[in-house]
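Undergrad: Each chain, letter by letter, is given below.
Number of protein chains: 2
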Amino acid sequence: MTEKLYFATSNENKFNEVSNILSNYGVHVDVAKLELVEIQSNDLTVIASEKARNAYRALNTDVIIEDDGLFIDSLKGFPGPYSAFVLKTIGNEGILKLIEGVADRRATFKSIIAYCDSSLIPVIFVGKVDGTITETQRGRSWGYDPIFMPKDSDGLTYAELGSKKNDLSHRSLALEQFAKWYTGMISDKHTQL
Amino acid sequence: MTEKLYFATSNENKFNEVSNILSNYGVHVDVAKLELVEIQSNDLTVIASEKARNAYRALNTDVIIEDDGLFIDSLKGFPGPYSAFVLKTIGNEGILKLIEGVADRRATFKSIIAYCDSSLIPVIFVGKVDGTITETQRGRSWGYDPIFMPKDSDGLTYAELGSKKNDLSHRSLALEQFAKWYTGMISDKHTQL
Chain A
13 MTEKLYFATS NENKFNEVSN ILSNYGVHVD VAKLELVEIQ SNDLTVIASE KARNAYRALN
73 TDVIIEDDGL FIDSLKGFPG PYSAFVLKTI GNEGILKLIE GVADRRATFK SIIAYCDSSL
133 IPVIFVGKVD GTITETQRGR SWGYDPIFMP KDSDGLTYAE LGSKKNDLSH RSLALEQFAK
193 WYTGMISDKH TQL
Chain B
13 MTEKLYFATS NENKFNEVSN ILSNYGVHVD VAKLELVEIQ SNDLTVIASE KARNAYRALN
73 TDVIIEDDGL FIDSLKGFPG PYSAFVLKTI GNEGILKLIE GVADRRATFK SIIAYCDSSL
133 IPVIFVGKVD GTITETQRGR SWGYDPIFMP KDSDGLTYAE LGSKKNDLSH RSLALEQFAK
193 WYTGMISDKH TQL
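Sequence lines, in order, name chains A and B. Position one of the first sequence corresponds to residue 13 (this note's numbering), numbered consecutively onward. Position one of the second sequence corresponds to residue 13 (this note's numbering), numbered consecutively onward.
I should point out that these hints are in silico values taken from the structure, not numbers from a laboratory. A few of these clues could be false.
Which copy is meant is left open, because identical chains are indistinguishable; a pair holds if it fits in one copy or across any two.
Said to hold, decoys possible - Keeping only pairs whose Cα atoms sit at most 20 Å apart, straight-line, the calculated SDA-like set for lysine to any residue is:
| no. | residue 1 | residue 2 |
| --- | --- | --- |
| 1 | K176 | S86 |
| 2 | K100 | I51 |
| 3 | K88 | T57 |
| 4 | K100 | S53 |
| 5 | K100 | R118 |
| 6 | K100 | G151 |
| 7 | K88 | W154 |
| 8 | K45 | S131 |
| 9 | K45 | W154 |
| 10 | K100 | V114 |
| 11 | K109 | D85 |
| 12 | K88 | G106 |
| 13 | K100 | D116 |
| 14 | K176 | N36 |
| 15 | K16 | Q189 |
| 16 | K16 | N72 |
| 17 | K26 | L48 |
Working from the sequences, and respecting the hints, build out all of it.
TA: Following this line, the structure appears as structure tokens:
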């Protein structure tokens, strides 16, 4: 285990969110701006594991990466693992057009946090939130936040929830598990010393 | 160079098409049914190179793979490198819905043939056909064939062209280049013996 923990990403919004959430658990993370090669798979866990290994190889220091995806039921899981590409091309407008008039609005947002150290065996933490896709974009934010309304949010989208998003988001759930494991591991290490 | 040439794919339709086209050039190809790991990239050439190397490693014999993608101008290149996933999820119906009422129907179909032997340095051949996306699905076939109308096809989609598709398709263009190079290489080898 190295002294510092890095979060490898090329997405500044994501870094800010991850860094804020982790600070609640006393975990400090630095950004490593990297464009990582990702493999294609329908399984986010497989993508995240490979990405974490690649990040460790590039940085040679303990690192976490995050991969997330929005899985829309009526679109057979689209955009799923390719959420970033889909956002850059057809965007939220495209998603809303695809399910215009579709009654079933159910969707799941998944986040995978993968931690990798010199063992090159990634440790995986999964966060999952069910919700629905709105009819129009609501609230200003990034990513799919203006069209995803999580369960138990009193009818607000991620974007409309603002900073309260971090109380219940898929990313927070994954990071919470990671932080508990990571801080436990650090204190174990200190006890052993 | 090994005696036999394999085409690694999990798509039977694609194998039949490739095998038919190559037989016109006297090149015989056997199928190797493989599910290959692909990387994510906006550049089909990068995906195909890695895939060809992985295919060689899996088979230990000379191999070609094909990767293709439909790039729709008004959708910023969507579905592009993720054409297979997009077809399985939102399908042709989804594509038509996305560009319903959009005047600019331009699209490009690209095919990459990548050959790999024991050198592990893939040789790449690119075929590209410009065309337009129709308003409705026309003709029965597989993939995006019912919605892609290539230039110079007298207004017919790939699907409506039937076997004539192979006279002008993006895949044929890439395979033609490959076949000329490959047969030249084989005859060079025989001359040297």
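Undergrad: Under a CA distance limit of 20 Å, which applies to K100 and I51: within one copy, between copies, both, or neither?
TA: both (18 Å within a copy, 18 Å between copies)
Undergrad: Since the copies are identical, ignore which copy is meant and state whether K100 and G151 lie within 20 Å (CA to CA) inside a copy, between copies, both or neither.
TA: Cα proximity of K100 and G151: one copy only (19 Å, versus 31 Å across).
Undergrad: Cα distance capped at 20 Å. Does K88 pair with W154 within a copy, between copies, both, or neither?
TA: Classified as between; 19 Å across copies, 24 Å inside a copy.
Undergrad: State whether the alpha carbon distance between K26 and L48 is at most 20 Å within one copy, between copies, both, or neither.
TA: The answer is within: 15 Å in one copy meets 20 Å, while 30 Å across copies does not.
Undergrad: If the cut is 20 Å between Cα atoms, do K88 and T57 qualify within a copy, between copies, both or neither?
TA: within (18 Å within a copy, 28 Å between copies)
Undergrad: How would you classify K45 and W154 at a CA-CA limit of 20 Å: within, between, both, or neither?
TA: Close inside one copy (19 Å), not across copies (41 Å); limit 20 Å.
Undergrad: Checking K176 and S86: alpha-carbon separation at most 20 Å within a copy, between copies, both or neither?
TA: neither (28 Å within a copy, 36 Å between copies)
Undergrad: What label fits K100 with V114 when the C-alpha limit is 20 Å: within, between, both, or neither?
TA: Close across copies (18 Å), not inside one copy (23 Å); limit 20 Å.
Undergrad: Have a look at K109 and D85 and pick one of within, between, both or neither, based on CA distance no larger than 20 Å.
TA: Cα proximity of K109 and D85: in one copy and across copies (15 Å, 17 Å).
Undergrad: Checking an output row: K100 and D116, CA cutoff 20 Å. Within, between, both or neither?
TA: So K100 and D116 pass the 20 Å test across copies only (19 Å; inside, 25 Å).
Undergrad: Between copies, within a copy, both or neither: which fits K100 and S53 at Cα up to 20 Å?
TA: both (19 Å within a copy, 13 Å between copies)
Undergrad: Is it within a copy, between copies, both, or neither that the alpha carbon of K176 lies no farther than 20 Å from that of N36?
TA: within (13 Å within a copy, 64 Å between copies)
Taken one by one, the earlier hints fail for this structure at numbers 1, 8, listed in ascending order.
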